[in-house]
Amino acid sequence: MEIFAASDAEISAALRDRESREVEIRETFRSPRFPETATAERWQGERIRLNNVVKSFGARTVLRRLDLDVPAGQFLAVVGRSGGGKTTLMRLICGLDTATSGEVRIGEAPVTGLMPQVRLLFQDARLAPWQRVIGNVGIARGPGWREKAHAALKDVGLADRGREWPSVLSGGQKQRVALARALVSRPGVLLLDEPFGALDALTRVEMHRLTERIWKEHGFTVVLITHDVAEAVSLADRVVVLRQGEIALDVPVDLPRGGRTGAEAARLHERILAAV
Amino acid sequence: MSLSGPTEAIAFTQGAAAGTVPASRVPAVTGAQAERHDAAGAAGRSRLASTGRALGKSLAKSLAPWALPLAILAVWQAAASLGFLSSRVLPAPGDVAIAFWRTLRDGTLLSNISVSTGRALTGLAIGGGIGFALGVLNGVWKPAETALDSTLQMLRNVPHLAIIPLVILWFGIDEEAKIFLVAVGVAFPIYLNTYHGIRNVDSGLIEMARVYGLSPAALFTRIVLPGALPSVLVGLRYALGIMWLTLIVAETISSTEGIGYMTMNAREFLQTDVVVLGVLAYALLGKLADSLTRAIEQRALAWNPAYQPGGKGVA
Numbered sequence: 020m021e022i023f024a025a026s027d028a029e030i031s032a033a034l035r036d037r038e039s040r041e042v043e044i045r046e047t048f049r050s051p052r053f054p055e056t057a058t059a060e061r062w063q064g065e066r067i068r069l070n071n072v073v074k075s076f077g078a079r080t081v082l083r084r085l086d087l088d089v090p091a092g093q094f095l096a097v098v099g100r101s102g103g104g105k106t107t108l109m110r111l112i113c114g115l116d117t118a119t120s121g122e123v124r125i126g127e128a129p130v131t132g133l134m135p136q137v138r139l140l141f142q143d144a145r146l147a148p149w150q151r152v153i154g155n156v157g158i159a160r161g162p163g164w165r166e167k168a169h170a171a172l173k174d175v176g177l178a179d180r181g182r183e184w185p186s187v188l189s190g191g192q193k194q195r196v197a198l199a200r201a202l203v204s205r206p207g208v209l210l211l212d213e214p215f216g217a218l219d220a221l222t223r224v225e226m227h228r229l230t231e232r233i234w235k236e237h238g239f240t241v242v243l244i245t246h247d248v249a250e251a252v253s254l255a256d257r258v259v260v261l262r263q264g265e266i267a268l269d270v271p272v273d274l275p276r277g278g279r280t281g282a283e284a285a286r287l288h289e290r291i292l293a294a295v
Numbered sequence: 009m010s011l012s013g014p015t016e017a018i019a020f021t022q023g024a025a026a027g028t029v030p031a032s033r034v035p036a037v038t039g040a041q042a043e044r045h046d047a048a049g050a051a052g053r054s055r056l057a058s059t060g061r062a063l064g065k066s067l068a069k070s071l072a073p074w075a076l077p078l079a080i081l082a083v084w085q086a087a088a089s090l091g092f093l094s095s096r097v098l099p100a101p102g103d104v105a106i107a108f109w110r111t112l113r114d115g116t117l118l119s120n121i122s123v124s125t126g127r128a129l130t131g132l133a134i135g136g137g138i139g140f141a142l143g144v145l146n147g148v149w150k151p152a153e154t155a156l157d158s159t160l161q162m163l164r165n166v167p168h169l170a171i172i173p174l175v176i177l178w179f180g181i182d183e184e185a186k187i188f189l190v191a192v193g194v195a196f197p198i199y200l201n202t203y204h205g206i207r208n209v210d211s212g213l214i215e216m217a218r219v220y221g222l223s224p225a226a227l228f229t230r231i232v233l234p235g236a237l238p239s240v241l242v243g244l245r246y247a248l249g250i251m252w253l254t255l256i257v258a259e260t261i262s263s264t265e266g267i268g269y270m271t272m273n274a275r276e277f278l279q280t281d282v283v284v285l286g287v288l289a290y291a292l293l294g295k296l297a298d299s300l301t302r303a304i305e306q307r308a309l310a311w312n313p314a315y316q317p318g319g320k321g322v323a
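Protein sequence lines correspond, in order, to chains A and B.
Numbering-wise (my numbering), the first sequence opens with residue 20 and increments by one.
Numbering-wise (my numbering), the second sequence opens with residue 9 and increments by one.
If you are wondering where the hints come from, they were derived from the structure by calculation, not from laboratory data.
Accuracy of the hints is not assured; some may be wrong.
[What the hints assert, rightly or not] Across the chosen pairs, the derived CB separations fall in these ranges:
hint, chain 1, residue 1, chain 2, residue 2, range
1, A, Ala249, B, Thr159, 55 to 61 Å
2, B, Asp210, A, Arg79, 46 to 52 Å
3, B, Pro151, A, Asp269, 42 to 48 Å
4, B, Pro73, A, Ala249, 58 to 64 Å
5, B, Ser158, A, Arg182, 44 to 50 Å
6, A, Gly163, B, Pro73, 52 to 58 Å
7, B, Leu169, A, Gly102, 52 to 58 Å
8, A, Thr119, B, Ser299, 23 to 29 Å
9, B, Thr159, A, Lys235, 37 to 43 Å
10, A, Arg182, B, Pro73, 49 to 55 Å
11, A, Gly163, B, Gly126, 33 to 39 Å
12, A, Gly102, B, Ser299, 49 to 55 Å
Glycine included, C-beta positions come from ideal geometry on N, C-alpha and C.
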């Protein structure tokens, strides 16, 4: 009897685990051709401009006289070591911090506070555990939020998980929910702050494909912060290396998308690594 | 084991008057019978028999925790019936049951319980409301915390039962005095846990909410309050314990109705059975309040894996 009494809860937990694992595996193998939505809606990407931006915390200067112009719709990767100013740059763009001097503009508007047209994907998914998945995606509510949130969930391939609690999702699924949450408001700029760093290799590849597909479909501007050079080369239109608060390298990636593995990609990889 | 025969028999006969003891014993007997039955079962029915045995075992297992309380009750009853235990010291369980039936029929038990419960809940509503409001205020607004928190921490260390003489001077011995004491007692645990709950809400989530454009009101209702809720409910559970304790003391000092009055009145007439009944009523009310909070936790914290059925819970 002891076996039965003990296993009741465990069996259901194990079943749940296995189920979500299986779903994930199935989705991974399906991912090369994520269901492309026929009527993918494009919206306007925003240009990002940094003009002579300095940011210091007390005596420590994190960004020194930074100039950067990101055209609307570009996929930019910012690579650098920890403490190189990547995260600070990102916080300036979305308005969580303000520059000590210089100017940041999104489109034509100078960044003075939090920008509604800029959305940010954090390193951790930051889902509110007491909101169902759908409630997390539509966290800002507003008219018709449920339909919009559902559409965004569908976009990331989680249409049927809206009623779940975040705690039952895997790490990759949580990041996809976070991505859906960022997409709901149709941002002109999407900032990705190493959102794939904590994922396992398979899930990371899947997230790369998903992000790339969604970016192509909707046409917003992406700034991807990462310390993974391979990730930057495989996803970005352009790679910027940030070293000690200055731009050490700024190169375009003129390679065909989908399997950038040739000699040219390897050379680019080397070049970026040397600059980091 | 030689003792168990006679005591069980006595418990059984006395229990018939109480009406509660035999009812809880019946399944145990059937469980034992089922097992004996299985042992004699024919080979063709072996599967049925093993199912029956498993059932009997599970029944025996679920009843096992009750064995000791029942044994104590039986020994107690025996000691009282055989004259080892004076009814002036401790009444027999059967007498308590009879007192229960008597006071239930003449309505005094229920009316006293409802008066006491009313006092407790009024005090909880007032004190808990104030504690919660202060906790929220100090949790979300730094100037309020600076101004109020250290004062509240000092007041918290005053044992609220120590101010009973003052309370009697202020309010006399009327209802206000009891409600005031309960309110003071429950306010602090709820204040502390609300305050800390709000302070400990994940700052990453708050930053996320700001980036995603939540208004301050939405930030409070969708992020801060749900995040603090587990802690607030812990505070509520503490407060409920203090609530009953305070009420018992306050009612014992002076009152003209309520469970405390019932027991103190019974003491005058050496009715130890009614006194024990009053104690049991307090215990039951306390347990009831705790179960209610647990039920609220299960519902309100359903998102938390610790509170989901089958989860590795602490509750």
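Status of the hints after comparison with the structure:
no. : hint                               : verdict
1   : A/Ala249 with B/Thr159: 55 to 61 Å : 58 Å, holds
2   : B/Asp210 with A/Arg79: 46 to 52 Å  : 27 Å, violated
3   : B/Pro151 with A/Asp269: 42 to 48 Å : 47 Å, holds
4   : B/Pro73 with A/Ala249: 58 to 64 Å  : 60 Å, holds
5   : B/Ser158 with A/Arg182: 44 to 50 Å : 46 Å, holds
6   : A/Gly163 with B/Pro73: 52 to 58 Å  : 54 Å, holds
7   : B/Leu169 with A/Gly102: 52 to 58 Å : 56 Å, holds
8   : A/Thr119 with B/Ser299: 23 to 29 Å : 58 Å, violated
9   : B/Thr159 with A/Lys235: 37 to 43 Å : 60 Å, violated
10  : A/Arg182 with B/Pro73: 49 to 55 Å  : 38 Å, violated
11  : A/Gly163 with B/Gly126: 33 to 39 Å : 47 Å, violated
12  : A/Gly102 with B/Ser299: 49 to 55 Å : 53 Å, holds
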